[in-house]
Amino acid sequence: MSSTLRQGRRRPATRVPPGLMIVGAVFALGFLAANAAIGYVVIDGRLDGQWYDIRDLGFAVQELKAQLDAINDDQPGFLDDIVGQHWMSYAVGALLGAIGILSFIGGALLVLIWVERRLIGRMQIRRGPNRVGPYGLLQPVADAVKLIQKEVLTPDGADRILFLLPPAIIFVPMMTAWGPVPWAPNMAYLDINVGVLYLIAVSSLTTLAVFLAGWSSNNHYALLGSMRTVAMMISYEIPLSIALLSVVLITGSMQLSEIVQWQADHNLWLIALLPIAMVTYFFSSTAELNRTPNDIAEAESEIVAGFHTEYSGMKFGLFYAVELGNALLVATLVATFFLGGWSLFGLEEWIPGYLILFAKLSAAYFVLVWLRGTLPRFRLDQLMRFAWQYLIPLSLFNLLIVAIEASLLARWDAPGLVTLGLFTVVNWGAAYILFRDWARRIGYQPDAGGPRRAELTQQVGGIEAAHRMGTAT
Amino acid sequence: MPAGPRQLTGDTVASALSGALPGVVASATAEWVEVEPNRIAEALRWLHDDAEMDAKQLSNLCAVDRHDRFEVVYHLQSMDRNHQIVVKAVVGEHDDPALPSSYPIYKGALLQEREVYDLMGIRFEGHPDLRRMFLWEGYPGFPLRKDFLQIPDHHPGLPKFPFEEPGVQAR
Amino acid sequence: MTTATEPYVLNIGPQHPSTHGVFRLRVVMDGERIQDMDMVVGYLHRSMEKLAEERTYTQNIPFTDRADYLAAMSGNLGYCLAVEMLSGVEVPERASYLRVIFAELQRIASHSMANGTFVNDAGAWQTPLMYMFRERERILDLFEMTGGARLTTNYMRIGGVAFDPPPEFFPAIESLVSDLPDRIDEYAELLIDNEILLARSRGVGTITAEDAINGSLSGPMLRGSGVPWDLRKAEPYCVYDRMDFDIPVGRNGDAYDRFLVRLEEVRQSTKIIRQALDGLPSGPHKTDIPLALRPDPGEAYGRVEGPRGELGFYVVSDGGSAPFRFHVRAPSLINLSLLREMAVGSSLPDAIVALGSVDIVVGEIDR
Chain X
0 MSSTLRQGRR
10 RPATRVPPGL
20 MIVGAVFALG
30 FLAANAAIGY
40 VVIDGRLDGQ
50 WYDIRDLGFA
60 VQELKAQLDA
70 INDDQPGFLD
80 DIVGQHWMSY
90 AVGALLGAIG
100 ILSFIGGALL
110 VLIWVERRLI
120 GRMQIRRGPN
130 RVGPYGLLQP
140 VADAVKLIQK
150 EVLTPDGADR
160 ILFLLPPAII
170 FVPMMTAWGP
180 VPWAPNMAYL
190 DINVGVLYLI
200 AVSSLTTLAV
210 FLAGWSSNNH
220 YALLGSMRTV
230 AMMISYEIPL
240 SIALLSVVLI
250 TGSMQLSEIV
260 QWQADHNLWL
270 IALLPIAMVT
280 YFFSSTAELN
290 RTPNDIAEAE
300 SEIVAGFHTE
310 YSGMKFGLFY
320 AVELGNALLV
330 ATLVATFFLG
340 GWSLFGLEEW
350 IPGYLILFAK
360 LSAAYFVLVW
370 LRGTLPRFRL
380 DQLMRFAWQY
390 LIPLSLFNLL
400 IVAIEASLLA
410 RWDAPGLVTL
420 GLFTVVNWGA
430 AYILFRDWAR
440 RIGYQPDAGG
450 PRRAELTQQV
460 GGIEAAHRMG
470 TAT
Chain L
0 MPAGPRQLTG
10 DTVASALSGA
20 LPGVVASATA
30 EWVEVEPNRI
40 AEALRWLHDD
50 AEMDAKQLSN
60 LCAVDRHDRF
70 EVVYHLQSMD
80 RNHQIVVKAV
90 VGEHDDPALP
100 SSYPIYKGAL
110 LQEREVYDLM
120 GIRFEGHPDL
130 RRMFLWEGYP
140 GFPLRKDFLQ
150 IPDHHPGLPK
160 FPFEEPGVQA
170 R
Chain S
0 MTTATEPYVL
10 NIGPQHPSTH
20 GVFRLRVVMD
30 GERIQDMDMV
40 VGYLHRSMEK
50 LAEERTYTQN
60 IPFTDRADYL
70 AAMSGNLGYC
80 LAVEMLSGVE
90 VPERASYLRV
100 IFAELQRIAS
110 HSMANGTFVN
120 DAGAWQTPLM
130 YMFRERERIL
140 DLFEMTGGAR
150 LTTNYMRIGG
160 VAFDPPPEFF
170 PAIESLVSDL
180 PDRIDEYAEL
190 LIDNEILLAR
200 SRGVGTITAE
210 DAINGSLSGP
220 MLRGSGVPWD
230 LRKAEPYCVY
240 DRMDFDIPVG
250 RNGDAYDRFL
260 VRLEEVRQST
270 KIIRQALDGL
280 PSGPHKTDIP
290 LALRPDPGEA
300 YGRVEGPRGE
310 LGFYVVSDGG
320 SAPFRFHVRA
330 PSLINLSLLR
340 EMAVGSSLPD
350 AIVALGSVDI
360 VVGEIDR
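Residue numbers (numbering that gives the first Met the number 0), protein chains in the order written: chain X, 0 to 472; chain L, 0 to 170; chain S, 0 to 366.
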């Protein structure tokens with residue numbers, strides 16, 4: 000063996016001083032109180048004497064921000080020089096968003112962990128959790144309690160501060176990325192006009208936390224996992240962004256609510272118009288999410304748990320929650336971009352938009368679970384090759400086609416049924432040809448590599464018999 | 000005496016072997032052929048290469064401690080001829096036994112010779128990686144030897160089965 | 000600025016999801032590429048060979064369960080054959096048939112486990128394993144029905160088998176044998192043409208036929224490399240000479256071929272069980288032997304085609320009631336002879352898949 004492992008020094012166990020604990024508790028209580036107060040103001044409808052229900056969340060948030068801005072304008076705040084004009088409205092909006100998103104994600108996670116485990120159980124001909132509570136519904140709660148009780152270890156050789164940060168940091172992109180998601184025509188916390196750009200930017204932040212976790216653990220498995228993650232994220236950001244670019248081209252907007260509105264107006268989901276972009280986006284997202292078949296960053300059978308190998312207790316729980324939250328986010332974004340978001344061919348008049356979106360995201364999430372329950376895992380180099388040789392050229396071709404179509408759409412004054420119908424047919428044809436022929440072009444042969452069935456023989460022998468049968472290699 | 004259903008008799012092997020390599024055979028019975036220990040690699044090489052013997056595979060290698068000597072037993076297999084050859088090498092030296100390694104001929108001897116070295120203490124000279132395998136480096140003694148631990152008045156094996164009576168049948 | 004890479008040592012195991020027990024690999028890696036490999040075994044060493052020298056021949060049968068705990072029946076069978084060769088005990092015909100039936104059931108159970116964990120190593124998230132466990136579970140139920148134990152069966156005896164199967168055994172095994180071909184097709188459909196599995200296991204851990212023979216490989220490792228060698232045909236023990244079955248042989252000698260060979264062997268075992276059930280004669284299932292068997296001085300090497308390969312038992316008698324020497328030729332250990340050749344130069348995921356395709360059982364490696 001050419002080198003040896005360095006042994007870390009023994010460190011005494013960490014003791015948090017009581018003063019710090021009190022300060023932390025006061026800070027946390029203050030944070031909760033502020034959140035509760037803002038929630039109370041909004042939900043109570045005292046804002047402008049008008050009653051807002053949850054479907055008009057967008058209006059409520061806008062109204063709140065407008066009022067806060069007005070207050071701010073009257074009495075300029077002391078922070079104006081530093082953060083600009085409307086700091087208070089942004090701070091309050093962020094807190095408000097945090098309440099809403101956290102409560103939604105928390106609730107959804109508790110249910111979705113159960114759903115996922117039951118689904119996988121069914122796929123694996125077993126029952127899944129069915130002991131804690133009715134139908135095992137309380138299993139996620141029991142898991143969380145168990146994780147909280149477990150000891151949180153810090154490895155000897157780890158960089159302690161950097162090791163503490165990632166579970167907290169990794170929550171930020173997952174949480175903030177939920178901001179622009181439109182749940183109904185007026186139901187988004189942060190309906191900014193560069194939503195797509197914002198999403199791409201924010202979701203790539205996850206890489207930082209993952210790499211930090213892997214590097215600071217001082218563990219080879221963790222390091223391997225984080226290196227894999229970085230390599231993969233860099234590769235898959237590109238097809239993912241190009242896929243979203245084609246969505247932006249055809250709808251002419253980067254605002255998520257506008258994209259959904261476009262699909263509602265044209266009564267056409269973008270999956271029909273942009274099949275290549277849909278597949279590219281979905282596959283790249285599974286790579287970013289570390290879900291099978293692309294879960295190489297935490298490939299259990301190779302590198303144990305990848306970047307979070309050394310995390311235990313609730314720190315691991317946070318990583319786990321973020322992983323599920325990200326899967327949920329991707330399912331939501333697929334539903335928003337490609338499956339029409341809250342629109343359902345006019346039925347959104349009668350059914351609340353958020354229920355429609357939830358149904359669609361559940362379908363997308365089911366596909367994620369299904370993949371996980373079915374497929375083996377790629378190898379890192381295969382995955383890289385797939386991104387650079389296959390997905391990126393394909394999405395570039397797709398971008399070209401969509402660009403031509405978008406410019407035609409702007410100039411050609413024909414009924415939508417004709418133009419969009421024609422484009423749909425063209426794009427599906429192109430998808431079929433491109434998917435098949437590009438695979439052949441980069442050297443994929445469906446039946447290469449010999450027979451897929453063992454040869455049967457009655458004779459017995461060694462190397463001579465093998466040569467006689469032609470099976471010796 | 001029992002022999003495998005397709006075992007080549009030791010006498011046949013011995014006559015072929017001494018024809019090709021004079022003086023290599025020490026003795027032979029119907030079951031096995033005993034080879035001079037320092038020429039074991041040579042004999043195995045010939046058995047491996049000879050078309051009639053065709054011992055292409057070393058199917059088993061183990062050692063037996065006979066109190067004053069070690070028997071190293073090679074079960075060789077010819078697959079095309081479908082017969083088995085049993086070759087033995089007796090190492091007279093009991094304190095520091097050594098034998099030429101068969102790894103240059105059979106790659107399959109890699110782990111089997113390591114196992115014999117680990118548990119029986121026979122050094123195979125020419126083995127590329129002769130270390131303890133199941134036990135750790137520095138383990139005192141070689142446990143499969145009959146004199147391991149040297150407990151006074153303890154004789155290996157069962158002298159008499161506790162409830163053994165003549166005529167009692169196992170059920 | 001120049002950057003230099005430095006090789007580092009990665010300890011895979013002894014606690015690792017894909018070492019299948021307490022087995023450890025010390026791997027010198029350069030990034031993801033393996034430069035050198037060393038295996039560390041012995042965590043499960045129970046010195047069976049030494050212990051066996053202090054117990055009677057019959058008392059040693061449970062050791063053979065615990066060596067290869069996934070193929071206890073095959074271990075029982077090999078040891079009993081060796082002792083029967085040594086002592087000249089006759090085996091009734093019904094016992095021979097029962098031995099064939101149980102050894103083949105054990106082979107199906109063991110191969111199901113092997114294939115399931117192999118696909119698990121390739122990254123499938125437990126699903127194929129669970130499907131293969133479905134069959135294994137029914138087989139273990141049959142073992143429990145007959146001998147009372149599921150895993151460490153201790154079922155075969157010198158001169159026969161311990162118990163005759165109860166009446167409810169036969170309908171159960173009939174239904175299992177009639178279900179099995181469909182079930183095998185089911186997971187063949189899921190796995191054989193799976194592009195990801197193909198990409199992961201084709202060309203991984205390739206061993207040529209010459210190397211396989213020279214490296215003492217046996218069982219599916221040898222047959223996967225294209226050598227049609229099966230002790231059940233080459234040196235028929237029990238009543239295998241009356242059975243009609245084929246030897247499955249691979250073409251490329253890679254991990255995928257070993258997987259195919261195992262899958263096909265399950266099919267062939269089903270055929271053998273069907274024939275053995277049809278030909279099962281009535282009569283005694285066991286010969287009575289003395290409570291303490293004292294074979295004449297001599298030695299015997301009994302071997303069977305276990306699920307992992309040639310499972311041999313070399314038993315030496317000095318005329319006493321305990322074996323003078325008891326040696327297990329453990330296929331799991333000897334199949335690892337070429338692991339280093341398979342792994343060095345490949346990447347870590349490939350090495351894991353190659354190791355998974357060897358199908359080791361650590362209890363048998365360490366004994």
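Among the clues, some could well be false.
To be verified - Computed beta-carbon distance windows for the label pairs:
{"#": "1", "chain 1": "S", "residue 1": "ASP277", "chain 2": "L", "residue 2": "PRO21", "range": "24 to 32 Å"}
{"#": "2", "chain 1": "X", "residue 1": "LEU161", "chain 2": "S", "residue 2": "GLN58", "range": "56 to 64 Å"}
{"#": "3", "chain 1": "L", "residue 1": "GLU136", "chain 2": "X", "residue 2": "ILE160", "range": "50 to 58 Å"}
{"#": "4", "chain 1": "X", "residue 1": "LYS145", "chain 2": "S", "residue 2": "GLU167", "range": "15 to 23 Å"}
{"#": "5", "chain 1": "L", "residue 1": "GLU136", "chain 2": "X", "residue 2": "VAL25", "range": "33 to 41 Å"}
{"#": "6", "chain 1": "S", "residue 1": "VAL343", "chain 2": "X", "residue 2": "THR418", "range": "24 to 32 Å"}
As the list claims (entries may be wrong) - Listed next, the in silico SDA-like pairs over lysine to any residue satisfying Cα-Cα at most 25 Å (straight line):
{"#": "7", "chain 1": "S", "residue 1": "LYS270", "chain 2": "X", "residue 2": "LYS149"}
{"#": "8", "chain 1": "S", "residue 1": "LYS49", "chain 2": "L", "residue 2": "ASP146"}
{"#": "9", "chain 1": "S", "residue 1": "LYS49", "chain 2": "L", "residue 2": "ALA19"}
{"#": "10", "chain 1": "L", "residue 1": "LYS145", "chain 2": "S", "residue 2": "THR205"}
{"#": "11", "chain 1": "X", "residue 1": "LYS64", "chain 2": "X", "residue 2": "LEU118"}
{"#": "12", "chain 1": "L", "residue 1": "LYS145", "chain 2": "L", "residue 2": "LYS106"}
{"#": "13", "chain 1": "X", "residue 1": "LYS149", "chain 2": "X", "residue 2": "GLY132"}
{"#": "14", "chain 1": "S", "residue 1": "LYS270", "chain 2": "S", "residue 2": "LEU290"}
{"#": "15", "chain 1": "S", "residue 1": "LYS270", "chain 2": "X", "residue 2": "THR456"}
{"#": "16", "chain 1": "L", "residue 1": "LYS145", "chain 2": "S", "residue 2": "ARG25"}
{"#": "17", "chain 1": "X", "residue 1": "LYS145", "chain 2": "S", "residue 2": "PRO16"}
{"#": "18", "chain 1": "L", "residue 1": "LYS106", "chain 2": "S", "residue 2": "GLU52"}
{"#": "19", "chain 1": "L", "residue 1": "LYS106", "chain 2": "S", "residue 2": "ASP243"}
{"#": "20", "chain 1": "S", "residue 1": "LYS270", "chain 2": "X", "residue 2": "GLN458"}
{"#": "21", "chain 1": "L", "residue 1": "LYS106", "chain 2": "S", "residue 2": "ASP35"}
{"#": "22", "chain 1": "S", "residue 1": "LYS49", "chain 2": "L", "residue 2": "ASP10"}
{"#": "23", "chain 1": "L", "residue 1": "LYS106", "chain 2": "L", "residue 2": "ARG130"}
{"#": "24", "chain 1": "S", "residue 1": "LYS49", "chain 2": "L", "residue 2": "GLY137"}
{"#": "25", "chain 1": "S", "residue 1": "LYS270", "chain 2": "X", "residue 2": "LYS145"}
{"#": "26", "chain 1": "L", "residue 1": "LYS106", "chain 2": "S", "residue 2": "ARG25"}
{"#": "27", "chain 1": "X", "residue 1": "LYS64", "chain 2": "X", "residue 2": "PHE281"}
{"#": "28", "chain 1": "L", "residue 1": "LYS145", "chain 2": "S", "residue 2": "VAL343"}
{"#": "29", "chain 1": "L", "residue 1": "LYS145", "chain 2": "S", "residue 2": "LEU43"}
{"#": "30", "chain 1": "L", "residue 1": "LYS106", "chain 2": "S", "residue 2": "ILE195"}
{"#": "31", "chain 1": "S", "residue 1": "LYS270", "chain 2": "X", "residue 2": "MET253"}
{"#": "32", "chain 1": "L", "residue 1": "LYS145", "chain 2": "S", "residue 2": "ASP277"}
{"#": "33", "chain 1": "L", "residue 1": "LYS106", "chain 2": "S", "residue 2": "THR207"}
{"#": "34", "chain 1": "L", "residue 1": "LYS106", "chain 2": "S", "residue 2": "THR151"}
{"#": "35", "chain 1": "L", "residue 1": "LYS106", "chain 2": "S", "residue 2": "ASP245"}
{"#": "36", "chain 1": "S", "residue 1": "LYS270", "chain 2": "S", "residue 2": "ASP287"}
{"#": "37", "chain 1": "S", "residue 1": "LYS49", "chain 2": "L", "residue 2": "GLY91"}
Everything labelled a hint here was simulated from the structure, so no lab data went into it.
The beta-carbon is built from N, C-alpha and C at its ideal position, and this holds for glycine as well.
Now the hints, each set against the structure:
1. Between ASP277(S) and PRO21(L), the C-beta spacing of about 56 Å breaks the proposed range 24 to 32 Å.
2. As the Cβ distance of LEU161(X) to GLN58(S) is approximately 58 Å, the hint placing it in 56 to 64 Å holds.
3. Between GLU136(L) and ILE160(X) the beta carbons are some 40 Å apart, a value that contradicts the proposed interval 50 to 58 Å.
4. The beta-carbon spacing between LYS145(X) and GLU167(S), approximately 42 Å, falls outside the hinted interval of 15 to 23 Å.
5. Between GLU136(L) and VAL25(X) the C-beta distance comes to about 58 Å, which lies outside the given range of 33 to 41 Å.
6. Checked against the hint of 24 to 32 Å, the C-beta distance between VAL343(S) and THR418(X) comes to roughly 60 Å, which is inconsistent with it.
7. Note on LYS270(S) and LYS149(X): the hinted pairing is violated, with a Cα-Cα distance of about 51 Å set against a maximum of 25 Å.
8. With a C-alpha separation of about 12 Å, the suggested pair LYS49(S) and ASP146(L) falls inside the 25 Å cut-off, and the hint holds.
9. This hinted pair does not check out: LYS49(S) and ALA19(L) have alpha carbons roughly 39 Å apart, beyond 25 Å.
10. Proposed proximity of LYS145(L) and THR205(S) is contradicted: the alpha carbons are some 41 Å apart, above 25 Å.
11. At most 25 Å may separate the alpha-carbon atoms for a hinted pair to count; LYS64(X) and LEU118(X) exceed this at roughly 42 Å.
12. Using a Cα cut-off of 25 Å, the hinted pair LYS145(L) and LYS106(L) is violated, with the two alpha carbons roughly 29 Å apart.
13. Pair hint LYS149(X) plus GLY132(X) holds up; C-alpha atoms about 22 Å apart against a cutoff of 25 Å.
14. Proximity of LYS270(S) to LEU290(S) is assessed by CA-CA distance (about 37 Å); at most 25 Å being required, the pair is judged violated.
15. Note on LYS270(S) and THR456(X): the hinted pairing holds, with a Cα-Cα distance of about 15 Å set against a maximum of 25 Å.
16. Proximity of LYS145(L) to ARG25(S) is assessed by CA-CA distance (about 33 Å); at most 25 Å being required, the pair is judged violated.
17. Among the hinted pairs, LYS145(X) with PRO16(S) is consistent with the structure: their alpha-carbon atoms are about 22 Å apart, no more than 25 Å.
18. At most 25 Å may separate the alpha-carbon atoms for a hinted pair to count; LYS106(L) and GLU52(S) exceed this at roughly 30 Å.
19. For the given pair, LYS106(L) sits about 34 Å from ASP243(S) by alpha-carbon distance, which is inconsistent with the 25 Å threshold.
20. A threshold of 25 Å between alpha carbons decides the hint, and for LYS270(S) with GLN458(X) the separation of about 18 Å falls inside it, so the pair holds.
21. The hinted pair formed by LYS106(L) and ASP35(S) meets the criterion: a straight-line CA distance of about 18 Å does not exceed 25 Å.
22. Restraint check: the Cα-Cα separation between LYS49(S) and ASP10(L) comes to about 32 Å, which exceeds 25 Å; the hinted pair is violated.
23. A hinted pair counts as satisfied when its Cα atoms are at most 25 Å apart, and LYS106(L) with ARG130(L) qualifies at roughly 16 Å.
24. Annotation: proposed proximity of LYS49(S) to GLY137(L) holds, straight-line Cα distance about 19 Å (limit 25 Å).
25. Between the alpha carbons of LYS270(S) and LYS145(X) the distance comes to roughly 49 Å, so the proposed pair goes past 25 Å and is violated.
26. Of the supplied pair hints, the one linking LYS106(L) and ARG25(S) holds, its CA atoms being roughly 21 Å apart against a limit of 25 Å.
27. Between the alpha carbons of LYS64(X) and PHE281(X) the distance comes to roughly 35 Å, so the proposed pair goes past 25 Å and is violated.
28. A C-alpha spacing of about 39 Å is found between LYS145(L) and VAL343(S), which places the hinted pair above 25 Å, so the restraint is violated.
29. Taken as a hint, the LYS145(L) and LEU43(S) pair is honoured in the structure, with Cα atoms around 22 Å apart against an allowance of 25 Å.
30. For the hint pairing LYS106(L) with ILE195(S), the CA-to-CA distance comes to about 33 Å; that exceeds 25 Å, so the pair is violated.
31. Taken as a hint, the LYS270(S) and MET253(X) pair is broken in the structure, with Cα atoms around 64 Å apart against an allowance of 25 Å.
32. Between LYS145(L) and ASP277(S) the alpha-carbon distance is near 48 Å, which puts this suggested pair outside the 25 Å criterion.
33. A C-alpha spacing of about 13 Å is found between LYS106(L) and THR207(S), which places the hinted pair at or below 25 Å, so the restraint holds.
34. Simply put, LYS106(L) and THR151(S) have alpha-carbon atoms about 33 Å apart, too far for the 25 Å limit, and the pair is violated.
35. Between LYS106(L) and ASP245(S) the CA atoms are separated by roughly 29 Å; this puts the pair beyond 25 Å, and the hint is violated.
36. Between LYS270(S) and ASP287(S) the CA atoms are separated by roughly 31 Å; this puts the pair beyond 25 Å, and the hint is violated.
37. Using a Cα cut-off of 25 Å, the hinted pair LYS49(S) and GLY91(L) holds, with the two alpha carbons roughly 22 Å apart.
The structure shown violates the earlier hints numbered 1, 3, 4, 5, 6, 7, 9, 10, 11, 12, 14, 16, 18, 19, 22, 25, 27, 28, 30, 31, 32, 34, 35, 36.
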